[in-house]
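Using the sequences provided together with the hints, build the complete structure.
Number of protein chains: 2
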Amino acid sequence: MLSQVAQTMHKFVKQCENKQVLNLYNQIEQGKMLRSKLILLIAGQTPQAVELCAVVELIHLSSLLHDDVLDEASTRRGKPTIHILFDTKTAIMLGDVLYSKAFSQLSLIHKDVAYCISSAVTALSIGELLDIELSKSFNTNQELYMDMINKKTASLIEASTKSAAILSNKDRDKFAIYGKSLGLSFQIIDDILDITQNSETLGKPAMSDFKDGKTTLSYMLLYQELSNDDKTKLKSYFKKSLTKDELSWIKNNMTKHDILNKTKQIARQLAQNGLNAIKNEQNKKLFDIINDILNRER
Amino acid sequence: MLSQVAQTMHKFVKQCENKQVLNLYNQIEQGKMLRSKLILLIAGQTPQAVELCAVVELIHLSSLLHDDVLDEASTRRGKPTIHILFDTKTAIMLGDVLYSKAFSQLSLIHKDVAYCISSAVTALSIGELLDIELSKSFNTNQELYMDMINKKTASLIEASTKSAAILSNKDRDKFAIYGKSLGLSFQIIDDILDITQNSETLGKPAMSDFKDGKTTLSYMLLYQELSNDDKTKLKSYFKKSLTKDELSWIKNNMTKHDILNKTKQIARQLAQNGLNAIKNEQNKKLFDIINDILNRER
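Read top to bottom, the protein sequences are chains H and Z.
With positions in the first sequence counted from 1, the corresponding number in this note's numbering is that position plus 148.
With positions in the second sequence counted from 1, the corresponding number in this note's numbering is that position plus 148.
Calculated from the structure, these hints are not laboratory results.
Just to be clear, a hint being listed does not mean it is correct.
Where chains are identical, the list cannot tell them apart; a pair therefore holds if satisfied intra-copy or between any two copies.
Subject to a maximum C-alpha distance of 30 Å in a straight line, what follows is the list of computed DSS-like cross-link-like pairs (lysine-lysine) [said to hold, decoys possible]:
id, residue 1, residue 2
1, K259, K322
2, K237, K362
3, K383, K359
4, K237, K383
5, K387, K167
6, K237, K432
7, K410, K284
8, K284, K162
9, K167, K359
10, K383, K404
11, K237, K167
12, K392, K359
13, K383, K167
14, K399, K432
15, K162, K322
16, K159, K259
17, K180, K227
18, K284, K237
19, K322, K180
Structure representation (structure tokens):
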């Protein structure tokens with residue numbers, strides 16, 4: 149079914165009737181399609197659900213194109229990013245083309261779904277602004293961090309599961325909670341992988357979050373545990389290109405204070421909230437997918 | 149009525165529930181609201197028409213935010229652009245917030261209108277990509293230029309007049325032609341003003357198009373008239389910061405070959421096509437607005 153989603157995305161891009169757009173699109177590596185997997189599991193494998201998947205994946209892709217410009221990221225999914233392959237202007241405009249094409253198709257699917265998904269894009273974009281703000285200094289406020297990842301990552305996943313419920317006449321509120329919880333735990337695991345995995349597995353530089361100004365949950369939990377001297381030391385490493393020894397110091401302290409397990413425990417608790425919301429659904433795969441997210445290594 | 153449009157825009161931005169977004173928005177100078185004037189003239193001054201106006205103006209504003217990043221413009225409407233006041237990232241994301249908020253509101257207005265307007269944004273964004281492509285070298289192909297301004301400028305004006313006709317049960321095809329023709333002539337006049345007006349009137353640097361790689365219609369018409377030596381000379385001026393003498397050489401040759409009148413004649417002919425499409429409408433103001441565009445000096 150995911151190949152049908154990819155085909156539909158390709159069809160939508162082709163309908164834009166511009167060779168450059170199609171050419172650029174063809175150079176982008178397909179992602180894991182988490183949002184599509186969720187939509188198809190909830191709404192069933194109908195033509196309308198496949199269209200919704202294609203729309204959501206195009207929106208996700210557009211957000212990544214703009215996000216990569218913002219983060220000045222040079223690789224994504226193991227390949228050079230569009231703004232590196234071409235330029236910033238092309239990445240912004242390709243994002244705008246795909247965003248608007250997605251919105252056009254959305255208007256043909258379902259009114260409530262159109263409102264739900266486009267509102268999520270507003271939240272997502274505000275999440276990006278919050279991310280920029282938070283990245284300006286060492287952030288120790290967990291609430292601000294959770295609000296940011298809720299908007300930046302969870303909002304579109306929540307809108308996807310909610311929209312899938314709308315299309316299939318299921319309880320949209322319960323599936324919204326499921327999607328939101330899953331989205332939050334997905335992002336927290338993602339932030340852990342930046343610390344534990346190598347660049348080959350990640351398809352982007354390893355341990356780059358902290359260097360890029362992103363004080364993710366593990367760094368906040370670590371900060372709480374450190375002595376005042378070590379707090380100052382950790383802060384002094386913020387947004388720097390660190391040496392091997394300095395990186396080891398961070399990792400060793402994370403091990404010493406069992407930080408990654410503590411972080412994972414928070415992700416697990418969030419995932420459990422999501423599972424509780426849909427506990428009456430006879431859909432084992434919706435449970436499995438959360439376990440896949442918690443145990444993923446890339 | 150235009151103040152009601154501005155109020156509705158403000159309400160929509162406030163609904164995004166983010167102080168930074170509202171603060172950024174408040175720093176942007178309001179434009180001429182051409183698209184709103186057209187919508188209200190065609191659809192009448194109904195609450196639904198006002199909402200459509202606010203949506204279209206937000207979309208227009210978002211496109212300008214991204215356009216200014218692309219063009220590296222430092223002033224717009226006589227004020228510093230957002231990406232200069234803050235940074236590129238903020239301008240891109242504010243554009244995304246306002247785009248998506250506009251699409252959310254659009255989904256509540258009318259299905260056909262939502263499809264029409266969002267498709268225009270795709271065309272508009274492709275127009276920006278074409279503009280970047282054309283700006284890479286001295287372009288003498290009028291057809292490519294007309295296709296580019298049709299997408300970049302006329303598409304949203306066409307979608308506005310067409311949508312206004314949809315909302316008021318008028319002939320959408322005729323009003324689409326009216327909007328498209330008016331949009332094309334609007335852009336051609338805009339390109340003339342870059343040559344004839346000073347920076348104070350323009351709210352941005354004067355005669356900057358050619359320096360920015362934009363071989364607008366007047367430059368193409370001039371090129372046709374020049375001797376081979378002068379053709380080479382004009383080409384050598386392309387994308388350069390020119391001296392007063394070099395700028396005068398261009399202006400004098402435009403005068404000598406009556407270029408600005410010839411360009412204006414093309415704009416006038418396009419406007420006439422638009423008027424022919426709606427000749428049976430008893431709406432004098434739709435005629436007046438085209439004359440205002442043809443005779444405008446800023």
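Okay, the hints, checked on the actual structure:
Proximity of K259 and K322 under a CA criterion of 30 Å is satisfied in both settings, with 20 Å inside one chain copy and 27 Å between copies. Taking identical chains as interchangeable, the C-alpha atoms of K237 and K362 lie at most 30 Å apart whether they share a chain (25 Å) or sit on different chains (16 Å). In this assembly of identical chains, K383 and K359 lie within 30 Å of each other by CA distance solely inside one copy; the values are 11 Å within and 46 Å between copies. Taking the shortest Cα distances, K237 and K383 sit within 30 Å of each other only across copies (25 Å), while inside one copy they are farther apart (34 Å).
Within a single copy, K387 and K167 get their C-alpha atoms only as close as 40 Å, which misses the 30 Å cut-off; across copies the closest is 26 Å, which meets it. Proximity of K237 to K432 under the C-alpha cut-off of 30 Å is found in neither arrangement, the shortest distances being 44 Å within a copy and 41 Å between copies. For the identical chains of this complex, K410 and K284 are intra-copy neighbours only, at 26 Å inside a copy versus 53 Å across copies, given an alpha-carbon limit of 30 Å. Proximity of K284 and K162 under a CA criterion of 30 Å is satisfied inter-copy only: 25 Å between copies versus 40 Å inside one chain copy.
Taking identical chains as interchangeable, the C-alpha atoms of K167 and K359 lie at most 30 Å apart only when they sit on different chains, with a minimum of 27 Å there against 38 Å within one chain. Taking identical chains as interchangeable, the C-alpha atoms of K383 and K404 lie at most 30 Å apart only when both belong to the same chain, with a minimum of 18 Å there against 67 Å between chains. In the homo-oligomer, the alpha carbons of K237 and K167 lie at most 30 Å apart both inside one protomer (17 Å) and across protomers (27 Å), since each shortest distance falls under that limit. For the homomeric pair K392 and K359, the shortest alpha-carbon distance inside one copy (13 Å) is at most 30 Å, but the shortest distance between copies (48 Å) is not.
Within a single copy, K383 and K167 get their C-alpha atoms only as close as 48 Å, which misses the 30 Å cut-off; across copies the closest is 28 Å, which meets it. For the homomeric pair K399 and K432, neither the shortest alpha-carbon distance inside one copy (36 Å) nor that between copies (74 Å) is at most 30 Å. Within a single copy, K162 and K322 get their C-alpha atoms only as close as 36 Å, which misses the 30 Å cut-off; across copies the closest is 28 Å, which meets it. Both within a single protomer and between protomers do K159 and K259 lie at most 30 Å apart by alpha-carbon distance, with minima of 22 Å and 21 Å respectively.
Only within a single protomer do K180 and K227 lie at most 30 Å apart by alpha-carbon distance; the minimum there is 14 Å, versus 44 Å between protomers. For the homomeric pair K284 and K237, the shortest alpha-carbon distances inside one copy (24 Å) and between copies (13 Å) are both at most 30 Å. For the identical chains of this complex, K322 and K180 are intra-copy neighbours only, at 24 Å inside a copy versus 46 Å across copies, given an alpha-carbon limit of 30 Å.
Comparing the model with each numbered hint stated earlier shows that hints 6 and 14 do not hold.
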